[in-house]
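Peer 1: Go by the hints and put chains B and C onto chain A.
Residue numbers (numbering that gives the first Met the number 0), protein chains in the order written: chain A, 0 to 117; chain B, 0 to 307; chain C, 0 to 221.
Calculated directly from the structure, the hints in this document are not laboratory data. Glycine included, every Cβ here is placed at the ideal spot set by N, Cα and C. Hints are supplied without guarantee of correctness; some may be wrong.
[Stated by the list, open to error] From the structure, some residues in chain B lie toward chain C, with a derived Cβ separation under 10 Å:
1. Lys112
2. Ser127
3. Leu144
4. Val173
5. Arg174
6. Ala176
7. Lys177
8. Gly237
[Unchecked claim] Distance condition first, Cα-Cα at most 25 Å in a straight line; then the derived SDA-like pairs of lysine to any residue:
9. Lys6(C) - Gly71(A)
10. Lys233(B) - Val170(C)
11. Lys112(B) - Asp208(C)
12. Lys233(B) - Lys167(C)
13. Lys120(B) - Arg212(C)
14. Lys120(B) - Ser206(C)
15. Lys223(B) - Lys272(B)
16. Lys62(C) - Glu67(A)
17. Lys9(C) - Gly69(A)
18. Lys9(A) - Ala38(A)
19. Lys62(A) - Val32(C)
20. Lys106(C) - Cys70(C)
21. Lys249(B) - Arg196(B)
22. Lys63(A) - Glu55(C)
23. Lys6(C) - Lys62(C)
24. Lys190(C) - Asp206(B)
25. Lys57(C) - Pro104(A)
26. Lys57(C) - Glu67(A)
27. Lys18(A) - Val126(C)
28. Lys6(C) - Ile43(C)
29. Lys62(C) - Tyr60(A)
30. Lys57(C) - Gly69(A)
31. Lys135(B) - Gln193(C)
32. Lys120(B) - Trp127(C)
33. Lys18(A) - Gln124(C)
34. Lys20(C) - Glu67(A)
35. Lys62(C) - Pro7(C)
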Amino acid sequence: MRLSYPTNIKIIKLPCTGKIDVLYLLKAFENGADGVYVAGCMEGDCHYLTGNLRARKRVEYAKKILDEVGIGGERLAMYNMSAAQGPRFVEVANEMTERIKELGPSPIKRKSTVKGSK
Amino acid sequence: MTSDSRLEKILEKGEFAVTSECGPPRGADPEVIKKKGELIKEAVDAINVTDNQTSVVRMSSFSSCVLLKQMGINPVLQMVTRDRNRIAIQSDILGAAALGINNILCLSGDHQKFGDQSTAKNVYDMDSIHLIQTVKQMRDEGKFLGGEELKGVPRFFIGAAANPFADPFESRVVRLAKKVAAGVQFIQTQCIFNLDRFSKWMEQVRDRGLHEKVHILGGVTPMKSVGMANYMKKMVPGMDVPDELIARIKGVDKEKRSEEGIKIAVETIQQLKEIEGVHGVHVMAIEWEEMVPRIAKEAGLLPRPQFE
Amino acid sequence: MVIGEGKPIKDILFMIENYSKIILAGCRGCVTVCSAGGEKEVGILASALRLARQNEGKEIEIKEVSLERQCDPEYLEEIRSFVDEYEAILSIACGAGVQFLAETYKKTPIYPGINTNFIGVTQEQGVWTERCQSCGNCKLHLTGGICPITRCAKSLLNGPCGGSSDGKCEVNPETDCGWQMIYDRLKELGKLDQMEVIIPINDWTTSRDGGPRKIVREDLKL
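Isolated chain A (complex conformation):
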């Protein structure tokens, strides 16, 4: 179809949204993302049965944390779509981009840089 979607989106591929961890979502924000969305298969169509349902719960949990730390849970979202829905993928990409543009850059990017260690 060769549809185009906004260039500000960086895709991170996972074998299944069930591989999503709350920490991945938080790390994305720590590393400078202004918004994150998880694109999973249609509910009921998960190849691993419930991976996308679990992902949704983890996204909800991460949204709560983002609210608590002042980043804002609205910067994180979960969408369901099938691999055959190219136009839907573009639509979601545009929708999310618009939402984040309205929200502006992540609040932490306006502040100082930070150190971390492990």
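Peer 2: Okay, now just chains B and C, sitting in the frame of chain A:
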């Protein structure tokens, strides 16, 4: 006789006893409890005073009992194990006895979750059966729970509650048997609206011969309205309000519904009188104490026997 | 196991507001199993705290560690070599672990990142329920293996109160009545006569009421 209680005397003579209850005020005004006592004193043999019922803070049962005692009423001190450990319990038992209180109703008490102090810590150092044992040991053995001798023995007529309508049903008579084994002398039951289930429970009571060891007073509460009946059915755990009873109250004109409630209470008492092993009634007219004399009269329970 | 639950992040942020370099210490014992204070939770909490502090414009450096157990002295040594480089320790072990760290590193302030709730079991994935109040005087042989002190809201020892209704507790319609469970289990076992026995007034000296408790095994001491 184990005490100077008028209630004990009535029951020992084989009379059909009548008791009622007063809830103390949420404040320090002594007139409230005196007024309630005045309303019902001629119609009953003894008056219970509740102990922070539903865990809502009120004037203490102990002091309210003393106020009633001063009016010539025979009070029943309700005591819950929710708020006191064994030190406070034994101390209050001695104090109550010293002030002439001679009936005690041993209860575990409603959980604090229901009250106006839901963030409180509960005590439950002992349960109601242990409380019965404690009073009995102090009275009959003259000993504290710790084993030391008492100087001056408290003479109490010991009561407890029974709820034939809670679950599991088969365990209700077992619990009564344990209370009897612990030394309870009279029982006041939960409000009886389902006479069939009560009768079944009484059958089990008689099968075990418990009716010969303990005086059972059936709990009777007049329904003021359909709203009250529905509330008790749905909101009060362990309360059995049959649909037919609600339908009966609903069946009459709105202004006559409280009358119907009184009528049902009177009929219930008359039926209870016929059940072998029921030795009295405990009329709980919740914030409707003025109806107690009328119910007693219409049920043929007046005048109450008098003693020298 | 000991079951815990994370404290609200805003409470933790308030505790550590004056520090810019802390150790966040998890525990690989009970709190790992109940997903409250293990390595994974260390990672998530550290990330959340960094985000919050970045958002406030007050940077924080967090050293993420997970000790084998915070309730055994030898594992507390795992952080000794670098503890002095940090201003405070935020521990997400149970209350015992937090206190043991505080006793071990006397000069470093210790803060609790979780609430320690109860001794319980994994009822199902993501659901934990209480089983034991560590009263120190087990009565499970009398009650069909179900603890009345823990499972009854009033810790009654002699049968269900008048608020037991359809198998549920009057305190919470979602909570099973402990004594209904005991009754059902004894019935199943053909031991209903046990319901008739009066369990005597409890001796609470073995419980917390006797003060902090201690067990000494001479045969094991070095």
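Peer 1: For every hint, state whether the structure bears it out.
Peer 2: Going through the hints against the structure:
no.	hint	in the structure
1	Lys112	holds, 5 Å
2	Ser127	holds, 8 Å
3	Leu144	holds, 7 Å
4	Val173	holds, 5 Å
5	Arg174	holds, 4 Å
6	Ala176	holds, 7 Å
7	Lys177	holds, 5 Å
8	Gly237	holds, 5 Å
9	Lys6(C) - Gly71(A)	holds, 19 Å
10	Lys233(B) - Val170(C)	holds, 14 Å
11	Lys112(B) - Asp208(C)	holds, 23 Å
12	Lys233(B) - Lys167(C)	holds, 14 Å
13	Lys120(B) - Arg212(C)	holds, 21 Å
14	Lys120(B) - Ser206(C)	holds, 16 Å
15	Lys223(B) - Lys272(B)	holds, 23 Å
16	Lys62(C) - Glu67(A)	holds, 21 Å
17	Lys9(C) - Gly69(A)	holds, 10 Å
18	Lys9(A) - Ala38(A)	holds, 12 Å
19	Lys62(A) - Val32(C)	holds, 24 Å
20	Lys106(C) - Cys70(C)	holds, 19 Å
21	Lys249(B) - Arg196(B)	holds, 22 Å
22	Lys63(A) - Glu55(C)	holds, 18 Å
23	Lys6(C) - Lys62(C)	holds, 19 Å
24	Lys190(C) - Asp206(B)	holds, 20 Å
25	Lys57(C) - Pro104(A)	holds, 18 Å
26	Lys57(C) - Glu67(A)	holds, 16 Å
27	Lys18(A) - Val126(C)	holds, 21 Å
28	Lys6(C) - Ile43(C)	holds, 13 Å
29	Lys62(C) - Tyr60(A)	holds, 24 Å
30	Lys57(C) - Gly69(A)	holds, 13 Å
31	Lys135(B) - Gln193(C)	holds, 23 Å
32	Lys120(B) - Trp127(C)	holds, 23 Å
33	Lys18(A) - Gln124(C)	holds, 17 Å
34	Lys20(C) - Glu67(A)	holds, 21 Å
35	Lys62(C) - Pro7(C)	holds, 20 Å
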